[in-house]
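Chemist: So you can see what is in the structure, the chains are spelled out below.
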Amino acid sequence: MFFFFYLTIGLIVFLATLVFLAIALYHLFQYRLPNQSLKRPIIILIAASLVIALFSIGLFLTISWE
Amino acid sequence: MTTAFTLAPDEKIIVILRRHRLILAMDLIKVGLTALIPLAVALILAFWQPTLFTPQPGAAIFWYLVSLFWLIVWCWGILVWLDWYLDLWVLTNRRLIDIEQEKFFHRQVLECSLDKVQNVTCKINGPLATFFKYGNVEIKTADQATLLVFEQVPSPNQIQNAILQAHQEYLDNVGGKNET
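So the sequences go chain by chain: X and Y.
For the first sequence, the numbering used here begins at 1 and goes up steadily by one.
For the second sequence, the numbering used here begins at 1001 and goes up steadily by one.
Excised from the complex, chain Y in its bound form (with noise of 0.2 Å):
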């Protein structure tokens, strides 16, 4: 069975990030409140029929096309969760990947060694962001072609010391074993 990555024999996952949980929970509202809209629907309806709430032919198929709304809701819900549990950012010792998914069919898997680390900035955008802190992490590699950015993670400036400091290590252990 395939993984979302491979890791090498002597390779450890220092941290796996996904983007913070509010932004999930902000998108799931989304979807939460348009699966009430047939409920805001129905008891707007009820002042005009009242026989909605009621075992009619007419209620039965209104509320049989509801749950069927509610399915298509329920997979909605699934491809916004899908979105952010596919979306990662991984550390190891020896890399850094950063995996977009993107819907279903679009994916974008983008890694750098540790050694090619050049800059890293934290950003802390919003109040939101200020206050449930979360922000982007960006990684400048010594190439400058790629730019690698943590997006919305949880605790960005933790996030970046343990990158710095993994980058650190991944240099001395680099430098002592040319030395031997």
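Next up, chain X with everything else stripped away, as it sits in the complex (with noise of 0.2 Å):
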């Protein structure tokens, strides 16, 4: 019962992260500077993403749910 509690909750916050990130990815490529590389932001948006997304992730899978 607790197990698919939290994670439902787990999918809901990642499915979340998932849209929000495309929609600000989107509108980086959408409206860059002419002439611009944007490739420093996004490495860093996406690489610090992953990183909470599978620390979250890791801890899940250290729960004991017995």
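What the hints contain is simulated information worked out from the structure, not anything from laboratory work.
Please note: incorrect hints may appear among the correct ones.
[Said to hold, decoys possible] Covered stretches of chain Y, going by a simulated chain X footprint (3 or more residues, C-beta under 8 Å):
(1) 1004-1011
(2) 1062-1072
(3) 1075-1085
[As the list claims (entries may be wrong)] Below, in silico cross-link-like pairs of lysine to any residue (SDA-like), each with a Cα-Cα straight-line distance of 25 Å or less:
(4) X:39 - Y:1161
(5) Y:1103 - X:52
(6) Y:1030 - X:21
(7) Y:1012 - X:35
(8) Y:1103 - X:66
(9) X:39 - Y:1104
(10) Y:1030 - X:37
(11) Y:1012 - X:37
(12) Y:1103 - X:4
(13) X:39 - Y:1099
(14) Y:1103 - X:5
Note that beta-carbon positions come from the ideal geometry of N, C-alpha and C, so glycine has one too.
Put the two chains together into one complex, using the hints given.
Modeler: Set out below in structure tokens:
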């Protein structure tokens, strides 16, 4: 019961984050400046999001549900 | 691929401005402090529940929820940065462009040809603005219909001069073309 409850919360937050990041990246590409590279902000954005998400998944996997 | 604005073939960007970095820093400090709330809660709880920092199931669930909270706060941080990053003021040798992005789904782009510039005012209000040298530059146009405001931009005096100089050069070029 608790397992599904916390799993659902996690999935909702992940899904919302994914949608949010997609919109953020869309805005970065759509409204970029002429002759400007967006590599650095995009790498930081995706890398930091992945680190936090993997940290969450790692913690979720360590929980003993029995 | 589209861009925030397109330049005419003979158009050159003189300066691209965003709000002063201090404004971004102050907003990000709020985000950072919010991210620290769970740690403060954990420290307070640790007095009653010392097992919070040990590998117990309850502690793991707490930290799992904290990590989800940090993910949300991180998204808030991105939103703050994006709001700062996408607010732009551009001075070219032909026009002024004012791009205001409010959150994700409200965007306003104002353009004004340099020949319509009538009055450029520089305003520096408050001790922080004075110390860190940022302020507003207000541009009134000839038709009085538009008021462009470059908000909280660094070195507003220099920007004011750059606009006036670009305006004069634009008028000289137009005048020169008309005479020939």
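Chemist: Check each numbered hint from earlier against the structure, then list the numbers of those it violates in ascending order.
Modeler: 4, 8, 10, 12, 14
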